[in-house]
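Knowing the structure of chain A, use the given hints to seat chains B, C and D on it.
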Amino acid sequence: MLGEGILKGLAETAKNFAGSFVSAERLTTVQYPEQRIAPIEATRDFPFLVYDGADWEAGMRCVACQICEKECPPKCIYIVKSADKKPDAVGKPQFYPSRFDIDISVCMSCQICVEVCPFEAIKMDTEYELSTTDRFGGLLLDRKQLAKSDEYYHRIHPTEAYEVDARLAQGKAKADAKNTAAATAPAVRNAESPARPAEGGA
Amino acid sequence: MSIAFYLIAALTVAGGLAAVLLKNTVHCALALTVAFAGLALFFLQLDAQFAGFAQILVYIGAVAILVVFAILLTRGSETPKDGVFSKNWFVGLVIAAGVFAVLGWAVLQSGHVLPHETAVPVVTVLQIGNALMGRYVLPLEIVALLLTAAMIGAVIVALHEKESAK
Amino acid sequence: MTPLSGYLIVAALLFSIGLAGALTRRNAILVLIGIELMLNAANLNLIAFWRYGPHPEALTGMMFAIFSIAVAAAEAAVGLGLVISIHRHAHTTDLDRMNRMKG
Amino acid sequence: MIYTMDQIFVLLQHWLMGMLPAALQPIAGILLGVAAIVCLFPALFALTTVFERKGLARIQNRIGPNRVGPLGILQPVADGIKSLTKEDIVPLSADAAVHFLAPLVLVVAVFMGFAVLPMGRNMVLVDMDAGLLFFFAMGASTELAVFMAGWSSRNKYSLLGAMRAVAQMISYEVPLLMSSVAVVMIAGSLSLTKIVEAQNHYTWGLPHWYIFTPWGLAGFLMYAIATTAETNRSPFDLPEGESELVAGYHTEYSGFKFALFFLGEYLAMFSISGLGTTLFLGGWSAPFSFLGWVPSWFWFFSKMMLSIFVFIWMRGTLPRLRQDQLMNFAWKFVLPLTLVNLMVTVLWRFLGEGWQRWVFCSAILVLAYAAMGLAGMRRGHFGPRRYRYAE
Chain A
1 MLGEGILKGL AETAKNFAGS FVSAERLTTV QYPEQRIAPI EATRDFPFLV
51 YDGADWEAGM RCVACQICEK ECPPKCIYIV KSADKKPDAV GKPQFYPSRF
101 DIDISVCMSC QICVEVCPFE AIKMDTEYEL STTDRFGGLL LDRKQLAKSD
151 EYYHRIHPTE AYEVDARLAQ GKAKADAKNT AAATAPAVRN AESPARPAEG
201 GA
Chain B
203 MSIAFYLIAA LTVAGGLAAV LLKNTVHCAL ALTVAFAGLA LFFLQLDAQF
253 AGFAQILVYI GAVAILVVFA ILLTRGSETP KDGVFSKNWF VGLVIAAGVF
303 AVLGWAVLQS GHVLPHETAV PVVTVLQIGN ALMGRYVLPL EIVALLLTAA
353 MIGAVIVALH EKESAK
Chain C
369 MTPLSGYLIV AALLFSIGLA GALTRRNAIL VLIGIELMLN AANLNLIAFW
419 RYGPHPEALT GMMFAIFSIA VAAAEAAVGL GLVISIHRHA HTTDLDRMNR
469 MKG
Chain D
472 MIYTMDQIFV LLQHWLMGML PAALQPIAGI LLGVAAIVCL FPALFALTTV
522 FERKGLARIQ NRIGPNRVGP LGILQPVADG IKSLTKEDIV PLSADAAVHF
572 LAPLVLVVAV FMGFAVLPMG RNMVLVDMDA GLLFFFAMGA STELAVFMAG
622 WSSRNKYSLL GAMRAVAQMI SYEVPLLMSS VAVVMIAGSL SLTKIVEAQN
672 HYTWGLPHWY IFTPWGLAGF LMYAIATTAE TNRSPFDLPE GESELVAGYH
722 TEYSGFKFAL FFLGEYLAMF SISGLGTTLF LGGWSAPFSF LGWVPSWFWF
772 FSKMMLSIFV FIWMRGTLPR LRQDQLMNFA WKFVLPLTLV NLMVTVLWRF
822 LGEGWQRWVF CSAILVLAYA AMGLAGMRRG HFGPRRYRYA E
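The listed protein sequences derive, respectively, from chains A, B, C and D.
Position 171 of the first sequence, counted from 1, bears residue number 171 in our numbering, the numbering being contiguous throughout.
Position 143 of the second sequence, counted from 1, bears residue number 345 in our numbering, the numbering being contiguous throughout.
Position 30 of the third sequence, counted from 1, bears residue number 398 in our numbering, the numbering being contiguous throughout.
Position 322 of the fourth sequence, counted from 1, bears residue number 793 in our numbering, the numbering being contiguous throughout.
If you are wondering where the hints come from, they were derived from the structure by calculation, not from laboratory data.
Note that beta-carbon positions come from the ideal geometry of N, C-alpha and C, so glycine has one too.
One or more hints might be untrue.
Said to hold, decoys possible - If you only want the chain B side, here are some residues facing chain D, beta carbon under 7 Å, derived:
1. V228
2. Q251
3. F252
4. F255
5. I258
6. L259
7. I262
8. G263
9. A266
10. I267
11. V270
12. T326
13. V327
What the hints assert, rightly or not - Calculated Cβ distances over 10 Å to all of chain D for the following chain A residues:
14. T43
15. E71
16. D84
17. R143
18. Q145
19. Y162
20. K174
21. A182
Chain A on its own, in the form it takes in the complex:
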């Protein structure tokens, strides 16, 4: 009969109206500043830079290769490569970013920088309370503000972080093997060549 659907709908909303007063579990929202829902593991909003160890400047994984800067669609990353080199996690001397800025008012959270990074140095954060009173400087995060420890990364995305660790450990083991091989047989140039296929297979 015509109008039946309207009555059904009205009954449903009336049920919601009355029900939301009597049963608290119907309420789908929380009272935000007092109550917070912990972000789920898959949450991603803005990128941050991972460092190992205690000192953020020394442990920074980023080697200022500038791939992320080039790939970033809205061009919100600004990197200045350092003049000197310092040893990275593997112990190899690398460049490091003397300046690394992300304008999070421009960032569109696409995660492309994370995907292109070959050094697992940039990851997505879950921090969402980024409001400031200054809309120009306050939203332009510099190296120090972006740097967050590996422990923090483990805490917010544990599953992903262990995968990353495994990959890094593999890379380090390979590099060690290479280093030891190079150290044991420095004169024999050919010793390097059998290692190549293994590297390609890994």
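Leaving out everything else, chains B, C and D in the frame of chain A:
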């Protein structure tokens, strides 16, 4: 001749003048609405409440809206390049001035035969209804027929030609 | 000047303004606006004569005005329908350019 | 005591007027009444906005505004301060004069309608003989204000919204008037106070409201549909359908002028609910004869707020219609039914007292409704809709 009369007269005449003089057609329609409102106030001043409210309901609520719809449907709100007045505007103006002169002269000449202040007639809606259903029932039916015919006519005239050709 | 002649003068003025508008404007819609003004001026006359006439209780003038309002509504609907139809046909509402009998 | 409570506002007005010289008393009486309306209804508007937001929130299982003041009751104060301190922007190409006048014309026309509403026993500003006609004349004037707003903004969304609004208001004005005419035919008067008096009788303690008759119930339902469209409320809120038209005819309005539009919309809702209360729900008369000691104005305002609650409830329930559905519904469903309802009202008037007229009138209305509904459903105008991508 109270102050209210002069105020309403000024409002009405100004609205009427603006309605025929302004360049933008939509402004003309809005000025016409002012004139209609002034006339409704006149009707109220003349103790014809029913006619006054009917004037507002029909003219401001329907005719003015129809006019603006027609203006927008015919792209009439764009001011034409070659002026808004007709080629022989002067002739029209002379005719209108002549008409006004004759009418005004007639009114002023007959001033002494026109009645002075009379008692306020008390007209209730009930009386109007009784009159409409009694003495004026035939005109009422004819108006009903006319309105129906006008509605059908307007629909047919405004129907898309291609559809009627099918 | 009696009150009645005041109303009659205003009505005459409005009628002349409407007539001038109807005769001088190029846009067909504005010509209709002029005609509406003329009709309204006539209504004002009717109501004024009813109010100051000898038999206001007979309601003749008022009834005439009410019927006139109803007829004017019909006239406006048909007139504007015609204007829209002509505009669709000739792509203009300029009366000076509507000078052909043949579409 | 009961009489004093009932007439407290009238007595207050007389007492205040008594302090003035006799020559000023008539004009002072009117001014007092106007001042009361101009203060009361905007205050009610402020309360209604927060109740609407809270009600909608509850319908969607949320809590709603609860930060400003206790339970969020001061939210409208914050909103008001915000809109008053905002920059008043007029688009560069807008027609400045018309753009400025539009909200004023709207609010003034809406306020005028309150003049004839009887809000309690002896509580009417002007007891006009043609009160209902006056109310509808004022309601019709708001359409022009909406058009002025939309056209003068020189914005395609504004103009589209205004044209939609005007077309919709004109279309639904016909069923609105037709359903009210039924009441006029039975009550025999256009004066709203007389219409309330005609309903203020009781049989076995139950009131003679027009909604408790077959034609009255049908008329009330169609009146409710038409008023929802007339005030541009959901599900007929296409003129400001934000998914397609930004905000309709008030897209280009900001600050105080926007607040005026918002006020005008809610005031129109109040006045038209008040009229519905007066016409069908017995105005200020009590629902049971033993409740006659409760002040009459209390009944008027509680009935009016109940209607507002139904508006909010419908807004929380029904999705927006499409323009052609809206027009089809007005002209092909509501209007024929109101015409049938008029015939039924005539029958009711001339069948005389007795049970026969109840049976006859109800049967005709139900049959007409069923026939129209079935015909409409068969032709696919109403009923479940099937989309190609869903198949």
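Consistency of the hints with the structure:
| no. | hint | in the structure |
| --- | --- | --- |
| 1 | V228 | holds, 6 Å |
| 2 | Q251 | holds, 5 Å |
| 3 | F252 | holds, 5 Å |
| 4 | F255 | holds, 4 Å |
| 5 | I258 | holds, 4 Å |
| 6 | L259 | holds, 4 Å |
| 7 | I262 | holds, 5 Å |
| 8 | G263 | holds, 3 Å |
| 9 | A266 | holds, 6 Å |
| 10 | I267 | holds, 6 Å |
| 11 | V270 | holds, 6 Å |
| 12 | T326 | holds, 5 Å |
| 13 | V327 | holds, 5 Å |
| 14 | T43 | holds, 22 Å |
| 15 | E71 | holds, 34 Å |
| 16 | D84 | holds, 53 Å |
| 17 | R143 | holds, 38 Å |
| 18 | Q145 | holds, 30 Å |
| 19 | Y162 | holds, 38 Å |
| 20 | K174 | holds, 52 Å |
| 21 | A182 | holds, 63 Å |
Taken one by one, the earlier hints all hold for this structure without exception.
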